[in-house]
Structures are given as C-alpha cells and as structure tokens.
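J.: Order-wise, the sequence lines are chains R and C. Last residue of the first sequence: number 250 in our numbering, and the count goes up by one each step with no gaps. Last residue of the second sequence: number 250 in our numbering, and the count goes up by one each step with no gaps.
It cannot be assumed that every hint is accurate.
Copies of the same chain look alike in the list, so a pair counts if it works inside one copy or between any two.
Computed list of lysine to any residue pairs in SDA-like fashion (alpha-carbon distance at most 25 Å, straight line) [as the list claims (entries may be wrong)]:
id: 1; residue 1: Lys-244; residue 2: Asn-144
id: 2; residue 1: Lys-244; residue 2: Ala-75
id: 3; residue 1: Lys-244; residue 2: Arg-193
id: 4; residue 1: Lys-244; residue 2: Thr-79
id: 5; residue 1: Lys-244; residue 2: Glu-17
id: 6; residue 1: Lys-244; residue 2: Asp-168
id: 7; residue 1: Lys-244; residue 2: Asp-99
id: 8; residue 1: Lys-244; residue 2: Asp-213
id: 9; residue 1: Lys-244; residue 2: Arg-218
id: 10; residue 1: Lys-244; residue 2: Gly-176
id: 11; residue 1: Lys-244; residue 2: Ser-174
id: 12; residue 1: Lys-244; residue 2: Tyr-229
I should point out that these hints are in silico values taken from the structure, not numbers from a laboratory. The model shown is predicted, which means the values in this text are computed figures rather than measured ones.
Chain by chain, the residues run as shown.
Protein chains: 2
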Amino acid sequence: MTYCAALRLDEGLVFAADTRTNAGIDNVATFRKLHHWCSAGDRVLVLLTAGNLSITQSVVSLLNEQIEASAATQAPSLMSVPSLYRAARLVGDAVREVRRVDGPALEAGHLGFSASCLLGGQIGTEPPSLFQIYPEGNFIEANEDTAFLQIGEHKYGKPILDRVARPSMGLGEAAKLLLLSFDSTLRSNLSVGMPIDLLIYARDSLDIRHERRIGQDDEYFRYLASAWSNALREAFGKIEEFET
Amino acid sequence: MTYCAALRLDEGLVFAADTRTNAGIDNVATFRKLHHWCSAGDRVLVLLTAGNLSITQSVVSLLNEQIEASAATQAPSLMSVPSLYRAARLVGDAVREVRRVDGPALEAGHLGFSASCLLGGQIGTEPPSLFQIYPEGNFIEANEDTAFLQIGEHKYGKPILDRVARPSMGLGEAAKLLLLSFDSTLRSNLSVGMPIDLLIYARDSLDIRHERRIGQDDEYFRYLASAWSNALREAFGKIEEFET
Chain R
7 MTYCAALRLD EGLVFAADTR TNAGIDNVAT FRKLHHWCSA GDRVLVLLTA
57 GNLSITQSVV SLLNEQIEAS AATQAPSLMS VPSLYRAARL VGDAVREVRR
107 VDGPALEAGH LGFSASCLLG GQIGTEPPSL FQIYPEGNFI EANEDTAFLQ
157 IGEHKYGKPI LDRVARPSMG LGEAAKLLLL SFDSTLRSNL SVGMPIDLLI
207 YARDSLDIRH ERRIGQDDEY FRYLASAWSN ALREAFGKIE EFET
Chain C
7 MTYCAALRLD EGLVFAADTR TNAGIDNVAT FRKLHHWCSA GDRVLVLLTA
57 GNLSITQSVV SLLNEQIEAS AATQAPSLMS VPSLYRAARL VGDAVREVRR
107 VDGPALEAGH LGFSASCLLG GQIGTEPPSL FQIYPEGNFI EANEDTAFLQ
157 IGEHKYGKPI LDRVARPSMG LGEAAKLLLL SFDSTLRSNL SVGMPIDLLI
207 YARDSLDIRH ERRIGQDDEY FRYLASAWSN ALREAFGKIE EFET
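Put together the whole structure using the sequences plus the hints.
T.: In structure tokens, the structure reads:
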C-alpha cells in the first residue's frame with residue numbers, strides 16, 4: 007500500500023508521500039511516489055501516486071514522453087497546458103491509456119486496475135489548485151470546503167486531518183500536520199513506510215524551494231513523533247474517566 | 007458498516023459497539039450489535055457482531071435456539087460449554103451453518119459473505135478471555151501482547167488504541183479510551199453511528215453490572231468529545247512547526 011496526502015491552503019500547497027512498495031509482504035522496496043515538474047516563473051506541478059507501481063510508473067513515463075515529444079509535435083503536455091484543469095485531464099488520459107494497454111492482462115490475472123493520483127501546483131497567474139484523479143481517469147478538485155485530499159491507506163491518518171486542517175494554516179504548521187498524519191499511519195500499518203517525501207509549495211513562487219526526504223533518523227520527525235505521543239498520553243490522562 | 011472493539015485487561019473486559027446499519031446510504035437504521043448471555047455466578051458471555059446483518063442476526067438466533075433446545079437434547083450451548091474456547095467454537099460453527107444455508111445465494115448475488123464477531127467473557131474459574139471469530143468460522147484469542155481486538159470499520163479508531171491501550175489500565179480508563187476510539191471513527195465515517203452500546207465486565211464478578219447505551223445527548227460522551235478535541239488542538243499547537 008501507500009499513503010499520500012496533500013493540503014490546499016491560502017498560502018500554498020503541501021504534499022507528502024511515503025515510499026514503501028511491496029509485492030507480497032516478503033518483497034518490500036523503496037520507490038518514489040512524489041514526482042514534480044517545474045519551469046521556474048511559469049509553473050510547478052506535483053504528482054503523488056498510489057496503486058499498482060507498474061501502472062503509476064507507466065503513467066509518469068507517458069507524461070514525460072509527451073513533454074519530450076511536444077517540442078516537435080506541439081501536442082499538449084504538462085509543461086505546455088494552460089491550466090491545472092488541463093493538466094489533470096492529461097493525467098487522467100494517461101491513466102486510461104495504461105488501462106487500455108495493461109488492463110485486460112491485469113484483470114485476467116485477477117489483479118484489478120488500481121491507480122490513484124493527486125495532482126497539485128500552479129500555472130502562471132492561476133491560483134494554486136489540487137486534484138484527485140481516479141483509476142477511471144475522471145477527477146475532482148479540492149475547493150474551499152476541502153483543505154486536504156488523500157490517496158492510498160488514508161484512514162489511520164484522517165482523524166487528525168479532520169480535526170485540525172483548515173485553509174488558513176501556515177505552511178510550516180501544515181507540514182507538521184501532514185507529518186503527524188503520516189506518523190499515525192506508520193504506527194498502525196506496516197505497508198506504509200519511511201522515508202517520507204515532503205514538498206512545500208509557496209503560493210505564487212512558481213518554483214520548488216522546499217523539498218525534503220524524511221528518513222528514520224530525521225531529527226524533526228523524531229522530535230515530532232515523540233512529542234505527539236507524550237502530548238496525546240498527557241491529554242488522555244487529563245480527561246475524566248468513565249464512571250463504573 | 008460497523009465498528010466494534012473490546013479491551014482485554016487485567017481487571018476485566020470492556021466492550022463497545024455502534025448501532026448503525028445501512029442497506030445503501032438511503033436506508034439507515036439502528037440495530038443492536040452487542041449481545042450478551044449471563045448466568046450470574048456461573049458465566050458471562052458478550053458477543054459483538056459486524057458484517058451483513060442478516061448473517062449476524064441468524065448467528066445469534068442459532069445460538070439462542072441451541073440454548074433453548076439444550077435442556078431437552080443435552081447438546082452443547084453457550085450456557086453449558088465448559089470454556090470460552092468451546093463457546094468460540096460454537097459461534098464459529100453457527101457462522102459456518104449460516105454460510106451453508108445463505109452463502110450460495112449471497113454469492114450468486116455478488117454480495118459475498120461478511121460476518122465477524124468478537125466474543126469475550128468468563129466462565130467459572132477460568133480467567134476472562136476474548137476471541138475474534140472470522141467469516142470462515144476460525145478464530146484467534148487475544149493474549150497478553152494484544153490488549154484489544156476490533157472488527158468492522160477499525161482503522162480510524164486504531165491509532166489511539168495503539169498508543170494508549172495496555173492490559174494494566176483500569177476499567178473506567180479503558181471505557182474512556184474505547185469511547186475516544188469511537189469518537190474518532192464517528193467523526194470520519196458516516197457509516198458508523200450513535201448510539202454506542204458499552205459493557206464493562208469486572209473480572210470474577212460473573213455478572214453484568216455495567217451496561218449502558220450512549221446516545222447523542224449523553225453528558226459524559228459530549229464532555230469527552232469536546233475535551234479531547236480541545237486537548238488535541240492544544241497539543242498540536244505546542245509542537246514546533248516544520249521549518250520552511
């Protein structure tokens with residue numbers, strides 16, 4: 007499994023993805039699930055992927071092929087489309103193309119077709135935006151009522167997001183929140199694993215300035231996990247017991 | 007869906023189950039999923055059920071039929087078996103009997119066969135114990151390394167149990183913890199709903215003295231939910247932000 011989440015805030019976007027991939031529980035590996043494309047001053051696009059790794063890697067390869075081909079063909083690509091909406095359409099089309107190629111064989115092997123993506127970023131003078139693309143290639147956009155979107159193993163880390171996330175959060179506070187959501191997931195589900203890729207996009211910067219891979223030995227993450235555990239236990243202790 | 011959880015503690019057992027049942031999202035009803043049998047001084051058995059309501063109700067009906075018939079037939083029933091292990095076997099057998107009767111038609115309708123149970127209690131001089139029975143009728147028993155078991159929509163409420171549950175907790179503290187686990191689940195998943203049935207079993211009491219249905223207007227639950235929200239937000243605020 008995988009856990010990816012992103013926050014859409016007044017000040018920008020924050021993305022995080024784990025890196026664990028497993029084919030059975032005895033074949034565990036580390037793969038990047040956070041991908042980005044940037045043309046400083048023009049656009050930043052960030053893609054988080056969950057699902058069958060062969061499918062999501064093919065989606066990224068198709069998107070990169072389009073970028074390389076577009077100089078010659080003038081066909082649209084992530085680096086040329088005029089809006090995030092059009093970029094989400096391209097990602098959806100790439101998912102559908104992979105399904106056309108690999109879907110029947112996967113289904114014949116009873117593996118199903120699993121691929122979900124989060125796509126966020128900013129193009130030119132558009133406001134930053136965030137989309138979730140489904141395995142069928144259709145998608146939704148986060149709006150002012152939806153401060154966050156998640157894909158993959160999302161349930162363990164949802165309660166803290168439900169309680170705390172709000173569009174007015176600062177970027178540093180939001181990164182803290184996302185990492186706490188990952189901490190809860192990592193503790194409860196072995197199929198989600200470190201390191202975590204974290205990317206913070208500041209509105210209107212049109213550049214990627216804060217990207218970090220957070221491993222087991224990351225000082226801030228260790229502080230965060232231990233401070234949160236202690237704070238939770240302390241908070242729990244302060245609440246009156248149920249009277250028996 | 008459903009959420010049921012139980013804690014196995016040095017001082018006894020604590021059980022909780024929600025009561026929401028839905029057939030589609032436009033057909034929502036309240037059904038009891040916490041069932042118990044008690045012969046004061048001899049035994050207490052508590053069964054929590056999740057899955058297809060027609061299946062789990064049939065399981066309970068079969069178990070009750072056995073109890074009624076056993077006076078005449080001397081066949082084993084929940085009220086006569088000498089151990090919780092044997093009681094879990096009876097529940098597993100009842101699940102298999104319902105599968106024999108209803109399974110083929112359910113599977114022909116592509117509905118699958120979903121039924122999970124938690125069975126806990128105490129018989130005579132045995133220590134209290136807690137079992138999880140799977141849809142196939144096999145089961146596991148909680149031991150000293152497993153302070154809790156969950157069935158149904160268990161992921162949202164697991165992080166808090168993972169962090170706080172331990173066998174040495176008092177019963178009132180454990181009831182508080184279970185209710186917090188339910189609070190997280192209720193906030194994140196509409197298919198789990200109030201009221202919550204809560205049952206606290208004190209070791210060696212061989213009687214049910216604390217059973218309570220906790221509804222929307224329950225004063226303690228409202229205090230708990232609001233105190234926990236405030237405590238979490240306060241704890242979140244105290245942790246240093248991620249440096250951007």
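J.: Against this structure, judge whether each hint is valid.
T.: Here is what the structure says about each hint:
no.	hint	verdict
1	Lys-244 <-> Asn-144	neither (46 Å within a copy, 40 Å between copies)
2	Lys-244 <-> Ala-75	neither (61 Å within a copy, 50 Å between copies)
3	Lys-244 <-> Arg-193	both (23 Å within a copy, 21 Å between copies)
4	Lys-244 <-> Thr-79	neither (65 Å within a copy, 54 Å between copies)
5	Lys-244 <-> Glu-17	between (35 Å within a copy, 21 Å between copies)
6	Lys-244 <-> Asp-168	both (22 Å within a copy, 19 Å between copies)
7	Lys-244 <-> Asp-99	neither (52 Å within a copy, 44 Å between copies)
8	Lys-244 <-> Asp-213	neither (45 Å within a copy, 31 Å between copies)
9	Lys-244 <-> Arg-218	between (36 Å within a copy, 23 Å between copies)
10	Lys-244 <-> Gly-176	between (29 Å within a copy, 15 Å between copies)
11	Lys-244 <-> Ser-174	between (29 Å within a copy, 18 Å between copies)
12	Lys-244 <-> Tyr-229	both (22 Å within a copy, 12 Å between copies)
Hints 1, 2, 4, 7, 8, counting from the list given before, are not met by this structure.
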